[in-house]
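Peer 1: Okay, here's what each chain looks like letter by letter:
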Amino acid sequence: MNTIRTHTGQGAKPTVEAGEGGFVLAAAAFGLMVVIVLVTGGFFMARQEARVGVANVQAYDAFYSAERALAELSGANWDPSTYSALTLMQPRTLYDTVDDAAIEIDITRFSQRLYYLEATATMINRGEFSGASRKVGMMYKLFSADLLPPAALTTRGPTEIRGSAEVHGSDTNPSQWGALCADYGNDDKPGILSDDTTQVSGGNNHTLTGNPAVEQDTTINDSTFLKFGDVEWAQLVAMADKTIGSGGTTVISESAPVLNGDGTCNESAIYNWGDPTSASNPCSDYFPLVYINGSARIQSGGVGQGVLLVDGTLDLRGNFVWHGVVIVQGTFETQGSGNRVLGGVMASNADFDAQSLVGGSVVTNSTCAASRAILENSALTRVIPVANRSWVDISAIGG
Amino acid sequence: MSVMKKNGFTLAELLIVAMIGAVVMGAIYAVLITNQRTYTVENVRVRGTQSMRAGMDILFAELREISPAEGDLLGMSGDTILVRVPREFGIVCSVTSSLPSYQVRVAKLSDEGFAVGDSVFILADVDTLQMNDDVWVTARVSAATTGGPCDAALSDSSQTLTLTASGHAGDTVFPGAPIRSFTRYYYGTAYLYYGQYFLSRWEPGGYPEGLVGPLATDGLDFTYYDADGNTTTTAEDVRQIEVKLRVESELRDAMGSQVKDSMTTRIYTRN
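Here the protein sequences come in this chain order: A and B. Counting from 1, one number per residue, gives the positions in the first sequence under this note's numbering. Counting from 1001, one number per residue, gives the positions in the second sequence under this note's numbering.
Hints listed in this document are in silico derivations from the structure and should not be mistaken for laboratory results. Be a bit skeptical, because a hint or two may be false.
To be verified - Pairs of lysine to aspartate or glutamate, DMTMM-like flavour, derived with a Cα cap of 25 Å:
no., chain 1, residue 1, chain 2, residue 2
1, A, K227, B, D1134
2, A, K227, B, D1226
3, B, K1244, A, D61
4, B, K1260, A, E49
5, A, K227, B, D1133
6, B, K1244, A, E160
Said to hold, decoys possible - Simulated coverage check for chain A against chain B, where a stretch passes if three residues somewhere in it have a Cβ under 8 Å from a Cβ of chain B:
no., region
7, 89-101
8, 138-147
9, 155-166
10, 310-321
The C-beta atom is built at its ideal place from N, Cα and C for all residues, glycine as well.
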């Protein structure tokens, strides 16, 4: 390398001398360059590794968000009346945001009781790492208390059908419900199922039909009316949406749907037991579990739907319409005209008193009415993952 | 006066320059060597971490879907596991005939769909009102055709499968029943490429297929836990599987330690 030296003195001129050639600076520069390349390479690798790690974290976050969404929907957020009404194989899509994940859930009802839920979670608000997405699916089965009555009227002991009273075992859908009953099939049952058919008697004008009209089942005993699959009477009572009475006989003048000021169904009104007569009424999909502590006399008409539990005697005095299930531990009696029970009645008649259906009362088997009363009550029905192998990692199988 | 020219260096100057040069070069060399070793070590570490992460992803995806309660955990040891791994997935839309073979139309929810010869599990609902009588029955696909969606509202195409079943009859399978095919696989380490151990899988009686590696000689450990978090040797009781992967290299880092790393996770079986 050349250097410039400045000489001072008379006549002196700057001169450029031949360099004292060295290689230290060049070697140092080369070394620095190599170091820089190595450091850059190392930095690049570390950054790549960090990015892969962060991307993995995003993927796991999406995965767990999708799982969480399924758990929340099938748990506290399951709406039995809405999802039981889904048309078969017509997915309904819900959208939500949970933390930093955009959630999309497809709910598909494949049969009356089997649902497939598929949740897709996509990470958002994560800057350049947004977009990680995972999809998981889960099969659920609708589980409910086994409250479907085996006949239009299931009872024991002396039972009289007099006047123009009718009991029908042929499966009949409520005329107002139309397509809501499309998926429940047809299941004709006995008109009366009794532990002793010799104690079933009728007057001249009564009507008793079914498959058969009267059937005997000697296995009917207390537990028939106290144990329903895995659910017992005391558990049903504890799950009741409404408890009326305190042990004596409660006189109920009229049960009717009640609306809030904004037009929604007022489910807290004690005698609002839903509206079975109009599919457009806001209370038409309200199916309460009503418990009467003691006996009840329902007079002056009224309507209701769901499951009606009565500790003592149930006495219908006319123009009372009920769609669903009625379970009575005492006797079941009707008087007057216009009483209509569509679904099924189970009357334990534990004391073997004479129970009578008189007047123009009609009790008709309806699988649809009984099923909806059970399936659309969130206390009686919940979705549970099907036995093992219900969980599917859809992302992994490319679905 | 004339300016006297200096030609050359004194011996002392040369010695000093040589000495300084040697010191500087030595320092640079040391830095270079250290950097190169660090680079190599980090490179090995990163590759090892990536191998372990990829291995964990594979095992996580494969093992979390098994159902030990249904007998999917066919063999378990400290370094090898034999499982029935679920593959294709569909949901029955309709059942069209019954035993000895029956046809089901399924909404196909996985990419490839079912193929003739597949072993499948299908849910027999038996009494639709009961939960505790539901059972998964095995069947074999003897015919498969692909068609349009089960319903216009469904985006997935369908397949019509002829199933030859054992056990429950076709009339216990109802629309909505899930159906899954499965494959039996061992997961363990195998001595493969370039004389190194790899995380591998193989079908019973088959040859190992390398998945991820290289791993350490004892690069894979399984520990099995029940629902209470206690170790168990009963396959049906397993609810968590702890997986430990190890990598190691002959390289030594700047501190003289052998380069090795490990990663441990617990996989909770979902089914």
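Peer 1: Could you run down the list of hints and mark each one as holding or not?
Peer 2: Now for the hints, and whether the structure bears them out:
no., hint, result
1, K227(A) x D1134(B), "holds, 21 Å"
2, K227(A) x D1226(B), "violated, 33 Å"
3, K1244(B) x D61(A), "holds, 22 Å"
4, K1260(B) x E49(A), "holds, 17 Å"
5, K227(A) x D1133(B), "holds, 18 Å"
6, K1244(B) x E160(A), "violated, 74 Å"
7, 89-101, "holds (count 3)"
8, 138-147, "holds (count 5)"
9, 155-166, "violated (count 0)"
10, 310-321, "violated (count 0)"
Comparing the model with each earlier hint shows violations of hints 2, 6, 9 and 10; every other hint is respected.
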